[in-house]
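Residue-level listing of the chains:
Number of protein chains: 4
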Amino acid sequence: MTKVFDETEVKRLQEEVCEANLELAAKKLVLYTWGNVSGILREANLVVIKPSGVPYEKLTPSMMVIVDLEGNIVEGNYNPSSDTPSHLELYREFATIGGVVHTHSTYATAWAQAKRGIPCYGTTHSDYFYNEIPCTPELTPEEINGDYERNTGIVIVRTMRDRDYNAVPGILVANHGPFTWGKDADNAVHNSVVLEELARMAQLTISINQDITGIQKVLMDKHYLRKHGKNAYYGQNGNKE
Amino acid sequence: MTKVFDETEVKRLQEEVCEANLELAAKKLVLYTWGNVSGILREANLVVIKPSGVPYEKLTPSMMVIVDLEGNIVEGNYNPSSDTPSHLELYREFATIGGVVHTHSTYATAWAQAKRGIPCYGTTHSDYFYNEIPCTPELTPEEINGDYERNTGIVIVRTMRDRDYNAVPGILVANHGPFTWGKDADNAVHNSVVLEELARMAQLTISINQDITGIQKVLMDKHYLRKHGKNAYYGQNGNKE
Amino acid sequence: MTKVFDETEVKRLQEEVCEANLELAAKKLVLYTWGNVSGILREANLVVIKPSGVPYEKLTPSMMVIVDLEGNIVEGNYNPSSDTPSHLELYREFATIGGVVHTHSTYATAWAQAKRGIPCYGTTHSDYFYNEIPCTPELTPEEINGDYERNTGIVIVRTMRDRDYNAVPGILVANHGPFTWGKDADNAVHNSVVLEELARMAQLTISINQDITGIQKVLMDKHYLRKHGKNAYYGQNGNKE
Amino acid sequence: MTKVFDETEVKRLQEEVCEANLELAAKKLVLYTWGNVSGILREANLVVIKPSGVPYEKLTPSMMVIVDLEGNIVEGNYNPSSDTPSHLELYREFATIGGVVHTHSTYATAWAQAKRGIPCYGTTHSDYFYNEIPCTPELTPEEINGDYERNTGIVIVRTMRDRDYNAVPGILVANHGPFTWGKDADNAVHNSVVLEELARMAQLTISINQDITGIQKVLMDKHYLRKHGKNAYYGQNGNKE
Chain A
996 MTKVFDETEV KRLQEEVCEA NLELAAKKLV LYTWGNVSGI LREANLVVIK PSGVPYEKLT
1056 PSMMVIVDLE GNIVEGNYNP SSDTPSHLEL YREFATIGGV VHTHSTYATA WAQAKRGIPC
1116 YGTTHSDYFY NEIPCTPELT PEEINGDYER NTGIVIVRTM RDRDYNAVPG ILVANHGPFT
1176 WGKDADNAVH NSVVLEELAR MAQLTISINQ DITGIQKVLM DKHYLRKHGK NAYYGQNGNK
1236 E
Chain B
996 MTKVFDETEV KRLQEEVCEA NLELAAKKLV LYTWGNVSGI LREANLVVIK PSGVPYEKLT
1056 PSMMVIVDLE GNIVEGNYNP SSDTPSHLEL YREFATIGGV VHTHSTYATA WAQAKRGIPC
1116 YGTTHSDYFY NEIPCTPELT PEEINGDYER NTGIVIVRTM RDRDYNAVPG ILVANHGPFT
1176 WGKDADNAVH NSVVLEELAR MAQLTISINQ DITGIQKVLM DKHYLRKHGK NAYYGQNGNK
1236 E
Chain C
996 MTKVFDETEV KRLQEEVCEA NLELAAKKLV LYTWGNVSGI LREANLVVIK PSGVPYEKLT
1056 PSMMVIVDLE GNIVEGNYNP SSDTPSHLEL YREFATIGGV VHTHSTYATA WAQAKRGIPC
1116 YGTTHSDYFY NEIPCTPELT PEEINGDYER NTGIVIVRTM RDRDYNAVPG ILVANHGPFT
1176 WGKDADNAVH NSVVLEELAR MAQLTISINQ DITGIQKVLM DKHYLRKHGK NAYYGQNGNK
1236 E
Chain D
996 MTKVFDETEV KRLQEEVCEA NLELAAKKLV LYTWGNVSGI LREANLVVIK PSGVPYEKLT
1056 PSMMVIVDLE GNIVEGNYNP SSDTPSHLEL YREFATIGGV VHTHSTYATA WAQAKRGIPC
1116 YGTTHSDYFY NEIPCTPELT PEEINGDYER NTGIVIVRTM RDRDYNAVPG ILVANHGPFT
1176 WGKDADNAVH NSVVLEELAR MAQLTISINQ DITGIQKVLM DKHYLRKHGK NAYYGQNGNK
1236 E
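Chains as they are written, first to last, in my numbering: chain A, 996 to 1236; chain B, 996 to 1236; chain C, 996 to 1236; chain D, 996 to 1236.
If you're looking for bench data, these hints aren't it; they were derived computationally from the structure.
Be careful, since some hints might not be right.
Note: identical chains are not told apart, hence a pair may lie in one copy or across any two.
Stated by the list, open to error - Cut-off 25 Å, straight-line C-alpha distance, at most; resulting in silico cross-link-like pairs (PhoX-like, lysine-lysine):
id: 1; residue 1: Lys1178; residue 2: Lys1222
id: 2; residue 1: Lys1022; residue 2: Lys1217
id: 3; residue 1: Lys1006; residue 2: Lys1225
id: 4; residue 1: Lys1212; residue 2: Lys1053
id: 5; residue 1: Lys1212; residue 2: Lys1023
id: 6; residue 1: Lys1212; residue 2: Lys1022
id: 7; residue 1: Lys1225; residue 2: Lys1022
id: 8; residue 1: Lys1217; residue 2: Lys1006
id: 9; residue 1: Lys1225; residue 2: Lys1023
id: 10; residue 1: Lys1053; residue 2: Lys1217
id: 11; residue 1: Lys1222; residue 2: Lys1053
id: 12; residue 1: Lys1006; residue 2: Lys1222
id: 13; residue 1: Lys1006; residue 2: Lys1212
Please read these numbers as outputs of a predicted model, since none were measured by experiment.
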């Protein structure tokens, strides 16, 4: 921790992370104290995260815990989320992400419990996630009994090895639940909400047609590239505003 | 574009289309910026449509983009919905419609992803849609890589060729989601809400009885004609009001 | 119509029926103008029913239409619900009922579309409905093309012939949806809400265990009689209040 | 009843139990008068419970009925819940519990009707319930026709015999619905809400993968012990607050 620590920037991040946590509750992705959102200040290598076990309705910005990338508490009167080491692993390995979310949202968790990745069945999916949303393999007994939360992060990174984490901003951890990430905390929550809806649509899709195969690759590419990359033409980028 | 352009009429249509878009959000058929509603002023061949990628809570009537039937922006500071060419194709081919809606509503999208039309299983369905709500075939790679959004409109029109678009005011685009239409923007939204409920009922119906076949034709006719056509006797038409 | 017509009583019934219709909307059993509730003034043989095709948010007590048991409008500026003849048939045949409800509620309609009665799978069911909630056979083409709505009532009565309509206060009409009844309009709505929840639980039950058979008869009897009949001991009847 | 009766303590418990009952309604686990919550004052062997058949919106603290462990009414103008003898049996046998809840919540009841325990499919489950949430065997005809509600409590206790009731704070009664318990009334409601969500996730899990087997034992242990027991490290226990 030799970097300079900008108090104003950290306060702004605490507000942003607090609001993102509240948005998780507003979108009904969490019950009680379940789930957590974090954000990172890359220039200072500081991560701001929800305190462990505190109900959403009691969260205030100053309760958000500030930790460094090794998990040491830099400031805060609360224990950080017990899932903090998973978040930190993702920040260390996914260089351009600014926010991480973990939930036990109902449909995404059901796919994680079924130990199945979510196939890309339509354009709603490929508007946000390029191809399958993978499911990690199970952790080994050694990984579980060792540094469990960090190993959860490691198995995520390992599973993403051959994928572009910008194009697949989320994953299912087997028998556990979803993690998503994004350019900031708010965007990571957005991806969590979308992932939950995709999980719901996919569960319904296979209930209607058990023999369904995924979307054509050419349509998947079309929709993904309509919203992402240099030739994107969705939205108001570069418009007359 | 030699037709006269009546500003008052266009403003009224912008208000109507804005309100119809908000109704889509109120009925929970859309998440974030998903979905779009348009309306047409037939006497001027002007279409009013939601701007692309703007969240529903920020929409105001003056943000609704005005385009001609070729898709040229006539007035507006925003890009129109990226799905505009699909809407325009429907207005060109379905001469009497006044509004078009596209959503990714959960159950209708699941049927579209399952690549199955929704069979007519009951009178709730035949009160609004005469017979099956069809699902288009997949677009070809050439159609996808070409003028994609316009080709989406073309495959809808092609699939509807042997059907009466007034009696079947909606369709599923394979791997994508539903489009509906109606006599105006509000009516098209109404049909979207009904289609989503029919998709939900149908998914449940086949989960309860996998061998179910559709409704008797005579009952389908009875309910459709009870509400539509010159012998309709549902509602308050011609009553003492 | 030789009976005396008590204006105060009829007004009170219009208020009760209006409120019961609004309760149907509040409990989310209906979309738009779907569904209808009626009540009867037995001493005058007058039935009060929702006007046809009017949205719930616009209903007021004075809009409730007053008809006699033959369906003649006694008072009212609106057409009565197109399902009025079905209601009247039930009032004529089920001597002690005071209210009737028809909806297209999602889960009950799915069972009706699947053409299956809802088996009694648990005590929630037998607290309200003794044994299966039956599904009618399909109407014949002659019944459909004839006096359709009255014939719907007739097939309900025929299906209930060997059952006690007080112990089974509701039914599914094949390919259509549920009808319920009760001692008054409010109670009939209560039974509609319960029927919908039973339909939902039953759909889930068979999805969890496809080989499930119903509840033991002795347990069904126990729960039904715990709440109904002269030895009932549920609730506050005869307590110290 | 030779124990001293502390009026202030009983009043406080009536308030707590009333609030816990209202929370059950707020969390949408109950319809109309269904379900009930109780709490116990161990030092006086007094149980406070919801009155039978009273709608939630009318409940006030002073309506909560006070009974002794034999079910005699000590104070109150209402009949206690008809399920009171089931609650009392649990208080007598599970020495450290302070609250009991019974509901007919949709998904948990569906599993009870399917006569299946809920397998532990993931960490959401093992965060709260160690291993399967069991389903009781059916009661015998003698048990049903005898002291039915007490026998319901007895079959719960019998089914829990080889389990730790602190580690499995809830159960499904076959063909009936869930019972949960906890250190107080509020905690028992919390466990009811969680059980319902676990039942929903499990129903979805088996619909996605019918061949799924449960979670690894080592992961189940890890999550359970992360939140429970002397080495727990979830939450704010022992933190700097």
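Consistency of the hints with the structure:
Within a single copy, Lys1178 and Lys1222 get their C-alpha atoms as close as 15 Å, which meets the 25 Å cut-off; across copies the closest is 31 Å, which misses it. Proximity of Lys1022 to Lys1217 under the C-alpha cut-off of 25 Å is found in neither arrangement, the shortest distances being 29 Å within a copy and 29 Å between copies. In this homomeric assembly, Lys1006 and Lys1225 never come within 25 Å of each other (Cα to Cα): the closest approach is 33 Å inside a single copy and 35 Å across copies. With identical chains, the CA atoms of Lys1212 and Lys1053 are never at most 25 Å apart, being 46 Å at best within one copy and 34 Å at best between copies.
In this assembly of identical chains, Lys1212 and Lys1023 lie within 25 Å of each other by CA distance neither inside one copy nor across copies; the values are 32 Å within and 30 Å between. Taking the shortest alpha-carbon separations for Lys1212 and Lys1022, neither the intra-copy value of 31 Å nor the inter-copy value of 32 Å comes in at or below 25 Å. Taking the closest pair of Cα atoms, Lys1225 and Lys1022 never come within 25 Å of each other, the shortest separation being 31 Å inside a single copy and 34 Å across copies. In this assembly of identical chains, Lys1217 and Lys1006 lie within 25 Å of each other by CA distance neither inside one copy nor across copies; the values are 40 Å within and 35 Å between.
In this homomeric assembly, Lys1225 and Lys1023 never come within 25 Å of each other (Cα to Cα): the closest approach is 34 Å inside a single copy and 32 Å across copies. In the homo-oligomer, the alpha carbons of Lys1053 and Lys1217 never lie at most 25 Å apart, since the shortest distance is 44 Å inside one protomer and 28 Å across protomers. Taking the shortest alpha-carbon separations for Lys1222 and Lys1053, only the inter-copy value of 20 Å comes in at or below 25 Å, while the best intra-copy value is 37 Å. Taking CA atoms no more than 25 Å apart as the test, Lys1006 paired with Lys1222 passes in neither setting, with 32 Å inside one copy and 30 Å between copies.
Taking the closest pair of Cα atoms, Lys1006 and Lys1212 never come within 25 Å of each other, the shortest separation being 44 Å inside a single copy and 42 Å across copies.
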